[in-house]
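Kindly generate the complete structure, drawing on both the sequences and the hints.
Protein chains: 2
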Amino acid sequence: MARGFGRVFSGVKRLVTLSVMWSMKHPIYSVSLRRPPARSMAGFSLPFSKPHDFSLPNPAWSPEMLQLYNHYNGMCDVETEGGEKKEGKWVRIPGYNRILKYATGGVYISKMIQSKARLFTRNIREPGAGFEYALFVNRKEQKCVGIWQLGHLLEGPPGHVHGGAIATTIDTVTGCLASLSGAVMTANLNINYRSPIQLGSTVVMESVVDKKEGRKTFVSCKVTSPDGTKLHTEATALFLSIDISQLILGR
Amino acid sequence: MARGFGRVFSGVKRLVTLSVMWSMKHPIYSVSLRRPPARSMAGFSLPFSKPHDFSLPNPAWSPEMLQLYNHYNGMCDVETEGGEKKEGKWVRIPGYNRILKYATGGVYISKMIQSKARLFTRNIREPGAGFEYALFVNRKEQKCVGIWQLGHLLEGPPGHVHGGAIATTIDTVTGCLASLSGAVMTANLNINYRSPIQLGSTVVMESVVDKKEGRKTFVSCKVTSPDGTKLHTEATALFLSIDISQLILGR
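Chains as they are written, first to last, in our numbering: chain A, 180 to 430; chain B, 180 to 430.
Read the hints as simulated data drawn from the structure, not as lab findings. Take these hints with a grain of salt, some might be off.
Any copy, or any two copies together, can satisfy a pair, since identical chains are not distinguished.
Said to hold, decoys possible - The list that follows gives simulated cross-link-like pairs (lysine to any residue, SDA-like), each with its CA atoms no further than 20 Å apart:
id	residue 1	residue 2
1	K295	A239
2	K395	G407
3	K401	A366
4	K401	P238
5	K401	L417
6	K391	R271
7	K264	I421
8	K295	T403
9	K319	K390
10	K265	Y248
11	K295	S241
12	K390	P230
13	K409	V387
Put into structure tokens, the structure is as follows:
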């Protein structure tokens, strides 16, 4: 039993060494543009070497969503005509539908890869039906912007987005920002719903780090219409830094 | 144009007259056990006269979930051997996958029926993969209990339920309670996450009305393990009474 546990822990340790590439609160949101290795630690190829990045435009995106995407993407890293890379102020965060898709090695981790679990915000296959979104971060200014198109399967009040779906988007954007410096867990979400969001709408979420105190990161977030004139929701969030092994091994 | 708008408003008015049968925050949660009419106001039959109630047990429910269901269901209305109805303290709230499934009449409402919109908490077809839940209310004590089984498509941190999915369950349970006396909208959710919930777990949510002030209803909620020994989440919620036409017509 103890030996088995050692193997589990060994797997977790390997995962921790890869933690720069995954945020542990939102491990899918790599802040590095490097591609994770397509081979496991044991040396065999994994079947998911070319993951689908769901945060790229698709035909279900509205013109507003595309416009916002192009606006923020235009401020990210670009390749010049000469093939050189020019660093932008913002970085687009790729979005996958699995938390530990790229985890390699370790008995426990392998089990998780085999599981059918999917990220809550990416669990609907039909493009445009659920959450469509892309996240952009600005490390220097400690900001994260999320552009979201909220589909017809997210209904709460008639014709409008469910309060829980809005909470989900806020947890995602603020969590992405808080996890830039390591693994975090949500400790508090305080959300004020100002005006309902119609199903199918595109909204912008701007979040900023208010302060850091030891393990705590305080983040605030505003949800507005694309042109910023209508305030839909305001929120604050508190995240706690965690040790990933604590979470996975339940310590 | 004005005439068309009049027809829309007429439809909304008809809906309002039916509002006793639907909560407008969570219109699917009828607190009446009467079945809504299967014919529209225009006299033709609607295709969904026998809706599927998703809050009844299915093979994907865990033994814990079934035990909880039987516990609370046993305190609801029962039919005695003589065929008489004996009133229980609690009422089970049927759960459908559409907000305005039973709305009848009115141009605007008909359009909404035809739409592909689905309730956020019932948008996954595979039993056990998303949210499995049943809600029970006790009108006299102003309480609502939700029993939830949280499936593998609700992942946030590795192997655990997404903070947004937990927020969704809280909005649902507290909203169901607040809407017992009429249509409401969520104004605030303040959620403290105490300990993570493993994917696939069954949890119990107990909510109670703390106070009412004019249009405001203040509700609190606790999320625990089925035996009540582990506190996962605590929350407060504020709901505002609304006029449904205000929401649908955007006034």
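Against the structure, the hints:
For a Cα distance limit of 20 Å, the shortest separation of K295 from A239 across copies, 15 Å, qualifies, whereas the shortest one inside one copy, 25 Å, does not. Taking identical chains as interchangeable, the C-alpha atoms of K395 and G407 are never at most 20 Å apart, the minima being 29 Å within one chain and 28 Å between chains. With identical chains, the CA atoms of K401 and A366 are at most 20 Å apart both within one copy (19 Å) and between copies (15 Å). In this assembly of identical chains, the alpha carbons of K401 and P238 never lie at most 20 Å apart, being 27 Å within a copy and 41 Å across copies at closest.
In this assembly of identical chains, K401 and L417 lie within 20 Å of each other by CA distance both inside one copy and across copies; the values are 15 Å within and 19 Å between. Taking the shortest alpha-carbon separations for K391 and R271, neither the intra-copy value of 24 Å nor the inter-copy value of 45 Å comes in at or below 20 Å. Taking CA atoms no more than 20 Å apart as the test, K264 paired with I421 passes in neither setting, with 34 Å inside one copy and 54 Å between copies. Taking the closest pair of Cα atoms, K295 and T403 never come within 20 Å of each other, the shortest separation being 34 Å inside a single copy and 25 Å across copies.
With identical chains, the CA atoms of K319 and K390 are at most 20 Å apart within one copy only, with a shortest distance of 14 Å there and 45 Å across copies. Taking the shortest alpha-carbon separations for K265 and Y248, only the intra-copy value of 19 Å comes in at or below 20 Å, while the best inter-copy value is 59 Å. In this assembly of identical chains, K295 and S241 lie within 20 Å of each other by CA distance solely across copies; the values are 17 Å between and 30 Å within a copy. For a Cα distance limit of 20 Å, the shortest separation of K390 from P230 qualifies neither inside one copy, at 35 Å, nor across copies, at 50 Å.
In the homo-oligomer, the alpha carbons of K409 and V387 lie at most 20 Å apart inside one protomer (19 Å), although the nearest pairing across protomers, at 33 Å, exceeds that limit.
Checked against the numbered hints given earlier, the structure breaks hints 2, 4, 6, 7, 8, 12 and satisfies all the rest.
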